[in-house]
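J.: Chains A and B, in that order, give the protein sequences. Heads up: the first sequence begins at 35 in our numbering, then just goes up one per residue. Heads up: the second sequence begins at 574 in our numbering, then just goes up one per residue.
In case anyone wonders, no lab produced these hints; they're calculated from the structure. Hints are not guaranteed to be accurate.
[Claimed, not checked] In silico DMTMM-like pairs for lysine to aspartate or glutamate, Cα to Cα no more than 25 Å straight-line:
1) A:K164 <-> B:D811
2) A:K164 <-> B:D642
3) A:K164 <-> B:E651
4) A:K164 <-> B:E578
[Unchecked claim] One side of the interface only, derived from the structure: several residues of chain B facing chain A at Cβ under 10 Å:
5) R656
6) A667
7) F668
8) F694
Beta carbons are placed, not taken as given, at the ideal position from N, Cα and C, and that holds for glycine.
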Amino acid sequence: MFGTVTLELIKGLWTTVQIFILTLIFSLPLGLVLGVGSAGKWKILKRVIQVFVWIIRGTPLMLQLIIIFYGPGLWLGHNIWSGNESGRITATVVAFVINYACYFSVIFRGGIEGVPAGQREAGQVLGMTKSQIFFQITLLQMVKRVVPPMSNEIITLVKDTSLARIIAAYELTFAGFSFMKSAGITWPLFYTGVFYLAFIGILTLLFNYIEKKLDYFR
Amino acid sequence: MAILEVKNIGKHFGSTEVLKDVSFSLEEGNALAIIGSSGSGKTTLLRCLNFLEKPSQGEILVKGNAVFDASRPVKMSERELRRKRLHFGLVFQAFHLFPQYTALENVTLAEKLLAQEREDFKSNKKQIMEEILEHGNALLAQMGLADRATHYPHQLSGGQQQRVAIARALALKPDILCFDEPTSALDPELTGEVLKVIRSLAEQKTTMIIVTHEMAFARDVADQIIFMDEGYIVEQGDAKQVIDNPKEERTRQFLSRYSQG
Numbered sequence: 035m036f037g038t039v040t041l042e043l044i045k046g047l048w049t050t051v052q053i054f055i056l057t058l059i060f061s062l063p064l065g066l067v068l069g070v071g072s073a074g075k076w077k078i079l080k081r082v083i084q085v086f087v088w089i090i091r092g093t094p095l096m097l098q099l100i101i102i103f104y105g106p107g108l109w110l111g112h113n114i115w116s117g118n119e120s121g122r123i124t125a126t127v128v129a130f131v132i133n134y135a136c137y138f139s140v141i142f143r144g145g146i147e148g149v150p151a152g153q154r155e156a157g158q159v160l161g162m163t164k165s166q167i168f169f170q171i172t173l174l175q176m177v178k179r180v181v182p183p184m185s186n187e188i189i190t191l192v193k194d195t196s197l198a199r200i201i202a203a204y205e206l207t208f209a210g211f212s213f214m215k216s217a218g219i220t221w222p223l224f225y226t227g228v229f230y231l232a233f234i235g236i237l238t239l240l241f242n243y244i245e246k247k248l249d250y251f252r
Numbered sequence: 574m575a576i577l578e579v580k581n582i583g584k585h586f587g588s589t590e591v592l593k594d595v596s597f598s599l600e601e602g603n604a605l606a607i608i609g610s611s612g613s614g615k616t617t618l619l620r621c622l623n624f625l626e627k628p629s630q631g632e633i634l635v636k637g638n639a640v641f642d643a644s645r646p647v648k649m650s651e652r653e654l655r656r657k658r659l660h661f662g663l664v665f666q667a668f669h670l671f672p673q674y675t676a677l678e679n680v681t682l683a684e685k686l687l688a689q690e691r692e693d694f695k696s697n698k699k700q701i702m703e704e705i706l707e708h709g710n711a712l713l714a715q716m717g718l719a720d721r722a723t724h725y726p727h728q729l730s731g732g733q734q735q736r737v738a739i740a741r742a743l744a745l746k747p748d749i750l751c752f753d754e755p756t757s758a759l760d761p762e763l764t765g766e767v768l769k770v771i772r773s774l775a776e777q778k779t780t781m782i783i784v785t786h787e788m789a790f791a792r793d794v795a796d797q798i799i800f801m802d803e804g805y806i807v808e809q810g811d812a813k814q815v816i817d818n819p820k821e822e823r824t825r826q827f828l829s830r831y832s833q834g
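The task is simple: from the sequences and hints, build the whole structure.
T.: Dropping the structure here:
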């Protein structure tokens, strides 16, 4: 039994890991773009981003996931997500990317605004272009500032992947839960918890490493 | 001919006028000190010269060429603006060194980035980079910081940081080097080392504008002094004369407040 449960949980973990990694790959750059936009001078763009972030942060991720997965089928008459597991994962990733990009954008904005104006001015009087100032001066200082709040969000993301169960994606929590339904046993639920703990333990080590790496300057 | 001519510069933020009809000129190789109480517009004037603020009125000429003219507003490309900026260097009150770079990297960064635009950069990359590093090391040595090249800003004292900032500003060989209260953020025992460096630059005939509260230093090092109050130039002239025998009553009052401490 232990072997069977382990195999099923690993299967679920694979889906969880896919959602996690794909979400990060797309939401980090998107969040950075939104963050730069909302820290910039362009008022209309700032407003648009503000409203968008308000809507996304103001409604449950589970609700967004349901709308994104079922909505297109009901509005268009045919489902845009394929009916198999990969379709469910794709829909989940789309919903998560939008959601997490909004949270990340606020963190990035704080990071950008936390870099003293004098840093940019020092770059300007040295004849640097806007993009040189951003990439050579601001970016790394911002990254250093955002690592602690970012690690919080990323750890939350690991656990939020369990929401994909609502559209029947076979992720880790779903896998653990299935044994309770089929065999009436609860210990796989605790075993599932161990998987999450290990996953987040590895991430915590990684974040500590990054923080240490960036410790060489203040 | 004067290397810098400032004609009738005015600047307002909303309805607050911070600079009113400011005009002066500076000869090559001369040092100009600007004194005055806080809020008198000294820093804004420096920021205008360095294109960190845009004057509302007036004209700025470097070597006879207009780099700014409020009566003829032109949309400048980023490239043009940068070229004009490079006539000036600015040393900030709070240093503003880049914390993630070593002292040497702080000094050489801008020069490296500019070199990338040279046509021969790709073919001569190695040699160009070596020259830039050599130049950076020479500047640090000139500041008495040869042994601090690989230190990060937070590992340096305030006085050392400000000297790195001076080396950084010198790296691009500006025509006019500006200092915005370069010692005001330093502990009293550290001001001496920075003033010494500025003094030696003056001895080498570096063209400089120094906003300062160090009256004795201004009298000794500067050729000219401008006293500003409420956005106006109240008095300008020979440095020793302005400090020792001010013509204007307001200058006298300001100086007496200073000598009393």
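J.: It remains to establish, for every hint, whether it holds in the given structure.
T.: Status of each hint after checking the structure:
1. A:K164 <-> B:D811: Answer violated: K164 (chain A) to D811 (chain B) is near 40 Å, above 25 Å.
2. A:K164 <-> B:D642: holds (23 Å)
3. A:K164 <-> B:E651: holds (9 Å)
4. A:K164 <-> B:E578: violated (28 Å)
5. R656: holds (8 Å)
6. A667: Where the cut-off is 10 Å and the nearest Cβ of chain A is about 6 Å from A667 (chain B), the hint holds.
7. F668: holds (8 Å)
8. F694: violated (15 Å)
Checked against the numbered hints given earlier, this structure breaks hints 1, 4 and 8; the rest are met.
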